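These are the residues of each chain, in order.
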Amino acid sequence: MPPKKSAKPNVSAEELLGHYREMLLIRRFEEKAGQLYGMGLIGGFCHLYIGQEAVVVGLEAAAEEGDKRVTSYRDHGHMLACGMDPKGIMAELTGREGGFSKGKGGSMHMFSKEKHFYGGHGIVAAQVPLGAGLAFADKYKGNGRVTFAYFGDGAANQGQVYETYNMAELWDLPVVFVIENNQYAMGTSVQRSTKSPSLWERGAAYGIPGEEVDGMDVLKVKEAGERAVAHCRTGKGPYILEVKTYRYRGHSMSDPAKYRTREEVQKMRDERDPIEQVRDMLLTGKHASEDDLKAIDKDIKAIVNEAAEFSKESPEPALDELWTDIYAEEAV
Amino acid sequence: MAIELLMPALSPTMEEGTLAKWMVKEGDEVKSGDIIAEIETDKATMEFEAVDEGIMGKIVVAEGTEGVKVNAVIAILVEDGEDVPEASASTSTAAAAPAAAETKAPAQAAAPAPVASDSAPDWEDGTELKPTTVREALRDAMAEEMRRDEDVFLMGEEVAEYQGAYKISQGLLDEFGAKRIIDTPITEHGFAGIGVGAAFGGLKPIVEFMTFNFAMQAIDHIINSAAKTLYMSGGQMGAPMVFRGPNGAAARVGAQHSQDYAAWYMQIPGLKVVMPYSAADAKGLMKTAIRDPNPVIFLENEILYGKSFDVPVMDDFTIPFGKAKIERAGDDVTIVSFGIGMTYALEAAEKLAEDGINAEVINLRTLRPMDMPTVLASVQKTNRCVTVEEGWPQGSVGSWIASEIMQKAFDYLDAPVITCTGKDVPMPYAANLEKHALVTTDEVVEAVKQVTYR
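Listed in order, the protein sequences are those of chains A and B.
Position one of the first sequence corresponds to residue 1 (the working numbering), numbered consecutively onward.
Position one of the second sequence corresponds to residue 1001 (the working numbering), numbered consecutively onward.
Just chain A, with the same shape it has in the complex (with noise of 0.2 angstroms):
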């Protein structure tokens, strides 16, 4: 078990603002999404992050530069928090040439070399061997990095996770393997997909240490990450974060959400919002004055609304790029 921790974090008032900045940067640019799909300029699926913007910006804050990660197809939050420009998410999301896939990709499809993001994964629970995979490379190039593979309570139920554990444990990759638990598989609460209590626990069969995380609140979910990428660093094999989170919109646009009640996310908005959470500690602790908070807000609204501009201006994808990019000519 983790040591527990004293009630006051260390943490800088810097370090608090750079949080609240983070998470509500994903916030708003979730938002603009929304709304941009209601006018019809985001097509097919679009899947929110709104409620879970602790669980990626806390670990982000874990992790060093090289280090990889790979999710499934909520995938906003993770491109955000790993620092990718707004514009070309929001383009990707519009299907314009600005986006990060040149709009080939979508809001499920997008990845970056540079930043070290290797998607935006449609296919539940797929993300979880290729995360593997990635911290197989790593492995065998000893390099040092360690990647952090995250997917959903319902992934979670996927045969592919266990065949994973199995191999990310027998040859001691290093790979962080996040749940993140935002208690319902689409429509389906994980009550109604397993009686086996906690998730992470699953690992122990595999022989893989693990621990459960409260996602509403960044501080926490950064010390599990460092305790997690510290055991990966040194080499002793995988770990498992259980990050119980929150999503506030329904699965996708179009999901009606009528398995929960309106109670249920309100009262979840209300007490545990990630946001407001570090929003208080930060004027409570005097770290910063409501202007200051108010500065941020409106900059944060600066980088989104121009994020949603350039997403409509950037023009469609030239014909031709239908038929590029199926096979590489030589390495990429």
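These are calculated hints, taken from the structure and not from any lab test.
Be aware that one or more of the hints could be misleading.
Partial list, computed: chain B residues near chain A (C-beta under 8 angstroms) [to be verified]:
| id | residue |
| --- | --- |
| 1 | ALA1009 |
| 2 | LEU1010 |
| 3 | GLU1128 |
| 4 | ILE1194 |
| 5 | PHE1200 |
| 6 | GLY1202 |
| 7 | ILE1219 |
| 8 | HIS1221 |
| 9 | SER1225 |
| 10 | GLY1235 |
| 11 | ALA1251 |
Keep in mind it's a predicted model, so treat the numbers as computed, not measured.
Note that beta-carbon positions come from the ideal geometry of N, C-alpha and C, so glycine has one too.
For chain A, the structure is supplied; the task is to place chain B on it using the hints.
Relative to the frame of chain A, chain B by itself:
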């Protein structure tokens, strides 16, 4: 500043909907995240949340209104103390995308372009030749490439300590060690995914399936993860790797161990598909496959593993993809095959020669890219074509070849193309039934006689 609230699209297919209920009234304060209305889409009743903050200035579309178009103004949000502006347009043009310059996509085959019909021999006359089995050729090719490139490694069931279930990797563990020759647990879906991830991460994996029948457990990673990522990432990353193993019927192993997957994989843009016949094919193409920056499906055959062929003794013998080999020249009919199908094709050609029918036999070697120029040139000469494969008839490799010939050389045909395939049944176990389930040399001879009207 007043903000127009537009009827939102709330599903991928919604064009209009019913404004079922307003949850706020004019004059109410609205915060971002508040549910302000219920909207019925083509699929469900959805809650509509506010994104912006303000006062509900005017409800433009009353609740209960049906057929409200997506992007029509349904309400106006104002700041405290601000007047409601005159409701301007009832629809917004915000969603109109900048028009693309062209209206018609340029036509181009998705398959990688084959090397233009190139009849140069695989090696120069006078090159020293060494009888080699297909099994040894595959092993030699992998060993040569592993010596050449540290990033190449082999993983699969029983590839290391057992020396390969079919002894293809014999001796490789001794030379390259356990870091590069890796035994996996029996977990095809998982290790295929790890292999693809390792390729994303910069390595060049060779993933062995004990047989391709078991790769069905892993086909999601082969197709969705390996084949499509280069495209989905706009060319940023892909999977330079080889999936290899025996494919098709062996002998008496029944329905679940005897399927030919050539036609399945050949259909996938993003994959390259190789099906060698001879040991020289196996060696030259395997080396090319390992060097290729794309995912390559390498379909071997258990019955061919022990067959011996001449292989050139050269420092670096490779065969390019997309280059068929004319194994036997002839004028009367073109027989097109690949892999173990070549044994029937060549046997049939021998028999036909006794009857005075001179068949040209083409060994495709790679199915994607496919060397159609060589096939078409031959058909233009012979005016007749028969294809031969062990796989099933519906959606077969031969069906595609026949279709291509019909579309590109129709006027040259003097007879319909006949596709000789395995029978449309799961593989039976009984020896006599199994023999009948596969394509036979006699069927090829018969097909050629039909197209030559003999």
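Against the structure, the hints come out as follows:
no., hint, in the structure
1, ALA1009, "5 angstroms, holds"
2, LEU1010, "6 angstroms, holds"
3, GLU1128, "32 angstroms, violated"
4, ILE1194, "4 angstroms, holds"
5, PHE1200, "5 angstroms, holds"
6, GLY1202, "6 angstroms, holds"
7, ILE1219, "11 angstroms, violated"
8, HIS1221, "7 angstroms, holds"
9, SER1225, "6 angstroms, holds"
10, GLY1235, "4 angstroms, holds"
11, ALA1251, "31 angstroms, violated"
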